Amino acid sequence: MADVIAVLDKVSYKYPRSPGLVLRNISLEIYKGEFLGIIGPTGAGKSTLCLTLNGIVPQFYGGDFYGSVHVSGLDTVENPISKLACCVGSVFEDPETQLIATSVENEIAFPLENLKVPVDEIRRRIPRVLEMVRLSGYEKKSPAELSGGQKQRLAIAAGLAVQPSLLVLDEPTSQLDPVGAQEVFAVVRELNRQFGMTIVMCSHAAEEMAEHADRLALLAGGRLLALGTPDEIYPQVQLLEENQVRPPQVCSVFYSLRQKRLPVQNIPVRLEEGKQTLRSVLQGGRLLPPPAFPAPPAPHGTPLFSVKNLRHVYPDGTQALHGISLDIRKGEYVLIIGQNGAGKSTLVKHFLSILRPTEGSVMIDGVDTQQLKVSQLARRIGYVAQNPDNQIFNETVEKEVSFALTALGHSPQVVAERTLASLQAMGLEEVKDRHPLSLPKGERARVVIAAILAMQPEIIIFDEPTTGQDYRGARYILDISRQLHQMGKTVIVITHHLYLMPEYAQRVIVMGKGTILLDAPIRAAYHDTQTLESTFLTPPQAVLLAKELERLDGRAYPLLTPAELAGCFERQNGHLG
Amino acid sequence: MSDAPTGEKRKVAFLGGAAIDGAPIAYIVVLAAVTTALAFIPFSFALAGGGSFPLSQGIWALLGILLGPIAGAISVGIGTLIAIFVAPHTAGVPVVTLLQSILCAFAAGCMSAQAKRGGWWIIAAVLGGVGGLYYIGRAISVNGVSLGAAVLGSLIQIIGWLLYVLPTRNLFGKWVGSKNVVLLALGVILCTATSFAVAHFFATAITYTMFNWPQEVFLLLASIIPVEYMFRFIVAGVIGVGVIVGLRAIGLVKPERGLY
Amino acid sequence: MGMMKYRTVEKDSFFTRLDFRPKLLMIVIVSVVAFLWESPLLGAALGVFLIVACLLAGLKVSYIRMLLLIMLPFYVLLLVAHGIFDEELVLNYLGQERLHYMFRFPGGGELFGAAGMSWEGFWYGVNIIFKTLSLTLVIPLGIFTTDVDRMIVGMVKSRIPYKITFIFSSTLRFFPLLFEEIGAIIQAQRLRGLAVEDMNAIQKVKVYAKVAIPLILSAMVKSQQLEVVLQSKAFSGSPDRTYLHSSDLTRTDYLLGGIFLFLFALVLALYFLYGVGKYSVPFIAWEA
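Residue numbers (the numbering used here), protein chains in the order written: chain C, 1 to 577; chain Y, 1 to 260; chain P, 1 to 288.
It should be emphasised that the hints constitute simulated quantities derived from the structure, not laboratory data. The model shown is predicted, which means the values in this text are computed figures rather than measured ones. Ideal placement from N, C-alpha and C gives every residue a C-beta, glycine not left out. It is possible that some hints are incorrect.
[Stated by the list, open to error] Which residues of chain Y face chain C? A partial, calculated answer using Cβ under 10 Å:
1. Gly7
2. Ala13
3. Leu15
4. Gly17
5. Asp21
6. Gly22
7. Thr90
8. Val93
9. Arg138
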C-alpha cells in the first residue's frame, strides 16, 4: 500500500454550541498522491472533517474532540495550527472571503510571510505556483479583477505555496459557473496527476468526482458510511439516494436497467463507460421504439412579455445585449441558460425596468415597461435573487413576509391574510416568530420567496436559485416553482444546473454573448448539444446517452432523464431468466 | 452503529483567533469595510434646509456598542480613513471627520458599568466637554455671538453631553443589553445620541476654529442640527436594533467588550 | 454607483517614487500649516501650490475639477456668510473700528442686521476656502501617489502595530465587495415593490436605513469564514513575520523629510515671532 499521509483514528467531535456530535467515530487513512473525494448532503460533517486536517478543529473552535488525527506524522491536537499550516493547504467555498490580500502576489505571499519564509524564497515560489494554476503574469492584478474560476485557482496557488503534503478543497466549485468549475477541476486534476499532490475534496459535482477521484468517502450525519473507489461507491444508488446524495446520471440509468434485470454486469460511473455498457445492453435487451412525446401546447394568447430588438450597452461601454427579440406568454415555464456574461441577468433586469433599453423595447401586457415604475412592476413580477441573505431586512419571519405589504399601505386585515397564506404556502407557519437568519439556508430562501408571494405576483423569476444548495435544497426550491406554475403563474428560472430542470421547465432559451442562440422546447434544446457546448454548457449525461443511443440505433430518442432512458429498454423474453 | 465516541477524549487547548481588546480581528476588518462602504452612501433628507450625511455616521456608535471602545474605535477609524483615502472630497474636513468618528465609537463603547473599563468614559467626556467649552467660549469672546445663540445652536450637544456624563450613561448602556426590543431601541438611540454629541462637541472645537461662523449661521444651525440629529437617531435605531437582534439570533460569538 | 476602489495615479513621478513616510510627514505638516494660517494670500499660495503639485504628480485635471465643483456650494456659503455677517470677528482680529464695504444692500436696507458685503469678511471667507481646499488636496497628493504595498510597508516600518496594518489592508480588499453588496440590497428592496418615492420622510429614512442591516449581518457571518481562512494561513497577528515588499528610505526621502521639518519650523517661527500667516486684508479695491 502507498505511503499514508494522514490518519484519522476514531475521530468524534462536537462544536461548543452544536447540540450533538458532528463527527462520529471516523477512521480513515489518506494515501500519498491520491485524490480522495468526500461526498454527502449538507450537514453531513464534510467541512468539519476537512478542518480537522489542519487542526482548526478543535484548536480554533474548542469543543469536545475524541480520537486523533495525524498529518505527516503530526498530531493535530498537539501541534500548533501554524505548524500544521505548512502541511495542509486549504481552499474554501466562497471565492471572495478567502482572498484577503490586495494583489495576486500578496495573496500567495501572505501565508509564507506568516510562516517567516525568507523573502527570496517567497519570490521564488510565487511564479512557480502561479504557473501550476495557470495564472502566470497575473502577479500584480487585484483579486477583484479575476473571474470566479481564477479566484479559486489563486486560492489553490496560495494553498500550494506553503508546499503542503496535502491540499484540502471544500466545495471549491459550488459558487462557480460551468466554465469556472471546469477550470478548477482541470487544475486540481493536473496537480494530482502531474505533480503527485495529494488531494482531499468535498463536492456535490457527482459527474466530475466520478471522473477525477481515486476514492470516495460517503459521509452522512457525521458518520463515514462508505469508503471506496467511485466504481464501488456510486453504483450503490439506493444508499446514495437514502442519504440525499445524487449519483452521476449514468449510474442512475444503468442502476434502473439492472433493476429491470437487463444485462448490466457492472454499473458504469463515467460517461464513456456508460456508452460502452449501452452497447452491451442493446445486444442483451430489447429497445422499445422512441416514446411519443406530445408536442407541448403551442403558446397562445397575447404575450405577457414582448421584447423587441432589445440592445443594452452598459455605461462603461460593454455591449451586453445585441438586438434580442422574444415573447413570453402567460403560464409558461421558461428556463434561461448560458455562461456568465451571456446577458441572462441583463435581460431579466429589463423585465423589471431596473435596466432601461439602450435601443428597442420591452412590453408587459402591451405596456412599455419604461412607462412603469420599478415599484409598480415589482408588484406584478416577483424576483427571487440569488443570495437570500441580501433580501432579509426584518427581525421575524412574519415581519419579513409582511414588510412590503405594510409599506404599501394595505389594510391590517389584508396584510394579515396574505401573510398567513404566504407563510402556509411555504410551510413557514411554525417558524413565523423566529429570526429569519436563525434558519438554515434552504429555509431562508423560502422566507424570501414567501415575502415575494405575499405580493401576489403573476410572474416569478428565480435567478440562480440552486447555486450553493445541495441536491435536496435545490429540488425543494424547484418544487415550489412547479407548484407556482401549476397555480397558473408564469415562471422564469435562470440556472447553470441543467440536469435539475427536465422535470420542471417547458421552454429553454440559450443565451450566449448577448444574443439568443436557441429558443426551443426543452427536449429540442437539450438535444442541440452543439449549441449548448458552444456556450460551455454540458448537457446532462442522460441526454448524451440518449444521443449515443440514437447513433447506435438510428432512431431519434429525445430523452432527458435517466428514468426516461431506462424506460426505453425491456428484458428480452427468455433471456437470462 | 453506536454513536458514542470510541476514541480517547482529548484535552483541547482552545486558542481562538487573533483579537484586539477581546474583539476578533475578522470582526474589526469586516465592520471597518462596512464603514467604508457606507461612507459612500449619502443619506439625504429632503426637508426645509436640506442636508445630507453619509450613512456610515449612523453606525459609528453602533460599532463601539458591538466591539467595545478600543476595537470599535479602531474599526471605525480605519473604515473612515480608507473612505477618506479613496474619496477625499466626500469627507468634509478629512482629519476632523476621522477624529470625530473614532471618538464617537470610543465614547459609545465606554457606555457600560463593566468594572474593567469603568473609568474610560471620562476620557471621552473630557475631550467632548473641553471641546464644547472652547467652542462656545470662542463663539462668544472672539466672534461676538450672544450667549443665547451659542447655547441654542448647540443645545442638543449640551444635553447629549450631560446625559453622557451623568449615570444615565450606564443606564443607556444597560438598555442595549435588554431583551426587550423597545428598551433596546431606546438604548441604541440614546447611546448614539450621547456619544455622537460628545464627539461632535470635540470636532466642532476644531472646525469652529477654522470656520468661525458668525451668529446668523449659528441660528441657522440651531434649526438644522436638531433635524439632522433626529434623522441620525432614526437611522441608528433602525440599524442598531436590526443588527443586534439579528446577531443574537444567529448566535455569533459576542466580542468580550460588546454592550449588546 | 460606479466601482469603488483604492486608486493610484498611472504616472511615474518624483512623488510615486518617494517612501510613504515622508509623504505622511508632508500630510501632517501641510495640514497643521493650513489650519494655522489665516492669511488669505499665504493660504491661497499653499492651495495653488498643492493643485500644481497634484497635477505634476499625475492626478487628473478632471479629478481636481470634480473636487472643486463638489466644494463650490460650500465655498459660496463661506463667502456669503463671512462677507455679509462677519463683523465682530474681523474687527477683533484687525483691531479696526469699522468695516470697508464691497457693496451695500440696495436702498441702504439691512439683511438680518447686516448692511452689505465687507472686504474684511470676504477675505476671511477666502482664507477659509483655501484652508479647506488645502486640507483636502494634501490627501490625494500623498495617498493617490502611493502604491498600496508601499503604504502598508511604510506603516509597518513606522512602527504602527502589525494588527492595525493588517486590518487596514484587508479593509482595502473587502470594502469594494460590500459596496457592491449594497447595490444588490437596495435593488432587492426596490423589488419588494416599495414605492420609496411615495413615502414620507420618516418612512423613507426607516426603509433606507434597513439597507445596512443585511449588509452588516452578512459581513459578520462572513467574518467567521474569514477567521478560519486566516487560521489556515497561519495568521496570528504577530508582527514577527517576513514581508514580501520592502521600502527603504533613500537619501531623497531623508532630504525631503528634512526640508519639510525645516520649513515647518520656519513657518512656526515666522508665525509666532513676526505674525506671518496671521489674518490680514490683502487689498481693498474699492469701497461702496
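Classify the hint on glycine 7 of chain Y as holds or violated, based on whether any CB of chain C lies nearer than 10 Å to its CB.
holds (3 Å)
Report task. Would you check whether glycine 17 of chain Y satisfies its interface hint, that is, whether its CB is within less than 10 Å of any CB in chain C? Result -> Constraint on glycine 17 of chain Y satisfied, holds at 6 Å.
Verify the interface restraint on valine 93 of chain Y: the C-beta must sit less than 10 Å from at least one C-beta of chain C.
violated (28 Å)
message: Restraint: arginine 138 of chain Y near chain C, CB-CB cut 10 Å. Satisfied or not?
response: Arginine 138 of chain Y check fails; min Cβ-Cβ to chain C is 43 Å, beyond 10 Å.
Given a cut of 10 Å on the nearest C-beta pair, is the interface hint for leucine 15 of chain Y held or broken against chain C? At about 5 Å, which falls below the 10 Å cut-off, the nearest Cβ of chain C leaves the hint on leucine 15 of chain Y intact, so it holds.
Exercise. At a threshold of 10 Å, is the proposed contact between glycine 22 of chain Y and chain C supported by beta-carbon distances?
Worked result: violated (16 Å)
- Query: Given threonine 90 of chain Y was flagged as interface, is its beta-carbon under 10 Å from a beta-carbon of chain C?
  - Reply: Violated, because the Cβ-Cβ distance from threonine 90 of chain Y to chain C comes to roughly 20 Å (cut-off 10 Å).
- Query: Can the hint on aspartate 21 of chain Y be confirmed by a CB-to-CB distance to chain C that is less than 10 Å?
  - Reply: Check failed: Cβ of aspartate 21 of chain Y comes no nearer than 19 Å to chain C, outside 10 Å.
Review point. Holds or violated: is there a CB of chain C closer than 10 Å to the CB of alanine 13 of chain Y?
Key: holds (7 Å)
When the structure is compared with the earlier hints, violations turn up for hints 5, 6, 7, 8, 9 and for no others.
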